[in-house]
Structures are given as structure tokens and as C-alpha cells.
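Required output: the full structure, derived from the provided sequences and hints.
Count along the sequence shown from 1, add 3, and you get the number used in my numbering.
No wet-lab data here; the hints were simulated from the structure. Note that the Cβ used here is the ideal one computed from N, Cα and C, for glycine as well. Hints are supplied without guarantee of correctness; some may be wrong.
[Unchecked claim] Label-pair ranges, simulated between beta-carbon atoms: (1) P174 - P100: 22 to 32 Å; (2) H152 - P174: 24 to 34 Å; (3) K149 - M83: 34 to 44 Å; (4) A87 - P174: 22 to 32 Å; (5) A173 - A87: 41 to 51 Å; (6) G127 - A101: 26 to 36 Å; (7) L200 - K111: 24 to 34 Å; (8) P85 - M193: 32 to 42 Å; (9) Q162 - L184: 25 to 35 Å; (10) A183 - G97: 37 to 47 Å; (11) P86 - M193: 32 to 42 Å.
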Amino acid sequence: MTSQYEPRPEPRAQPLPSEPASRSRALWGGGGLIAALTVGAGAFFYTHNTAAPTVPAAAPPSQSTPAVPAAQTAAVQLSMLPPAKASAALAKSGFSPADRARILAAVKDGKMRLVEMPVLDASGAVGQTIDVTVSGLTQRVVLTGKFQHLVIPIVEAGQILIAPVSMPHAPALTIGALTALGPEALPALMTLDQRVLLNVIVQ
Numbered sequence: 004m005t006s007q008y009e010p011r012p013e014p015r016a017q018p019l020p021s022e023p024a025s026r027s028r029a030l031w032g033g034g035g036l037i038a039a040l041t042v043g044a045g046a047f048f049y050t051h052n053t054a055a056p057t058v059p060a061a062a063p064p065s066q067s068t069p070a071v072p073a074a075q076t077a078a079v080q081l082s083m084l085p086p087a088k089a090s091a092a093l094a095k096s097g098f099s100p101a102d103r104a105r106i107l108a109a110v111k112d113g114k115m116r117l118v119e120m121p122v123l124d125a126s127g128a129v130g131q132t133i134d135v136t137v138s139g140l141t142q143r144v145v146l147t148g149k150f151q152h153l154v155i156p157i158v159e160a161g162q163i164l165i166a167p168v169s170m171p172h173a174p175a176l177t178i179g180a181l182t183a184l185g186p187e188a189l190p191a192l193m194t195l196d197q198r199v200l201l202n203v204i205v206q
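Below, the structure is given as C-alpha cells:
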């Protein structure tokens, strides 16, 4: 009895079950989401960690080279003293004897004019010290609550620079000046590096 050879059917590729396929897609999708969140979080902390020091980073240059505020300007009208009264007026000033002699000689030669600008501390406090500079000459004044004599030598276009020597008291140092038009409050000073620049009109 002869047996007939029956060829076996060739095996065909079977698709994977649908459940594992969807599961693998979910795993890949979940992994992609986690990766995206990780990258996003890393970027967030990187930018915040690198951006945070940039705020203090701007401080060292300003500390090493502090910016000096610009002088506050104002204009004052002052009365000129007659040359005959120059010697007596200078004797009451805060200038040194050598400076007084130079100023008096310049007044007699017509190269300088003397003006008066009595000053006080508008708050009434006593002891605030300022430097008053004009025409290259500086005199130191200790302010009180009352007007005190201040003689200023002016060369043609006069500018008076006022700078605090002692720390201005709170809330601010306001200097009162007696001008040709009456009492006048000058711009307030709150820090040691502030200045008041007065443009003088002599009458």
C-alpha cells in the first residue's frame, strides 16, 4: 500500500494580537510624553538657574564704579556787594586769609564780583555741613536753623556747586537761601553723592 505524499501548506506570517500592539503603542506614546516632560522640566530649571544669577550679576559693575547722580540745577538771583564793602564781607567769610587776599585783589581789578547768599537748614536742624564751591574756591559751612552770612566770589557767568559733607538727615536736606527775590528753597539732597548746581544771575 503506497502512501501518497501530501505537501504541507507553507506557514504564513500571522499578525501579532491586537492587544499587545496597542499596548506597545501606548508604552511608546507614554515614553515620548515622559521624555517631553523631562526635557521641558530640564529646560525650565536650566533657564531659571542660569537666569537667576543674571540679576545679581549686574550689581558688581555698579559697585566697582558707582554712578554719580547728575547735579540738580536751579537758578538764583543774587545782589552784588559794593566793592567798598568787599574787605569787611570777606573778613566774615569761611575763606582762608590767602584766598581772601586773592579775592579782594580780583574784586579791585574788576575780575570778580562779590554776592551775598545767606543760607540755613530749612528743617531748623543744626550741624549739617556743606561745601560751597565757586570760581575754583571752596568754603565749608555748618548750617543752622537761622540764616548765616555767605559771601560768594563770582566770575562773569557764575555757577555755585553745593555738596553735602555730612550725611543729609532724613527725610532730606533742604537748604534755604536768601536771594534778591527773597527766601528760596534749593533742590533737596538725600545722599552724599548728590549735588546742587546753581546758575547765578547777579543784579
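Right, here's what the structure says about each hint:
no.: 1; hint: P174 - P100: 22 to 32 Å; result: 39 Å, violated
no.: 2; hint: H152 - P174: 24 to 34 Å; result: 28 Å, holds
no.: 3; hint: K149 - M83: 34 to 44 Å; result: 24 Å, violated
no.: 4; hint: A87 - P174: 22 to 32 Å; result: 43 Å, violated
no.: 5; hint: A173 - A87: 41 to 51 Å; result: 44 Å, holds
no.: 6; hint: G127 - A101: 26 to 36 Å; result: 35 Å, holds
no.: 7; hint: L200 - K111: 24 to 34 Å; result: 29 Å, holds
no.: 8; hint: P85 - M193: 32 to 42 Å; result: 38 Å, holds
no.: 9; hint: Q162 - L184: 25 to 35 Å; result: 19 Å, violated
no.: 10; hint: A183 - G97: 37 to 47 Å; result: 22 Å, violated
no.: 11; hint: P86 - M193: 32 to 42 Å; result: 39 Å, holds
Checked against the numbered hints above, the structure breaks hints 1, 3, 4, 9, 10 and satisfies the rest.
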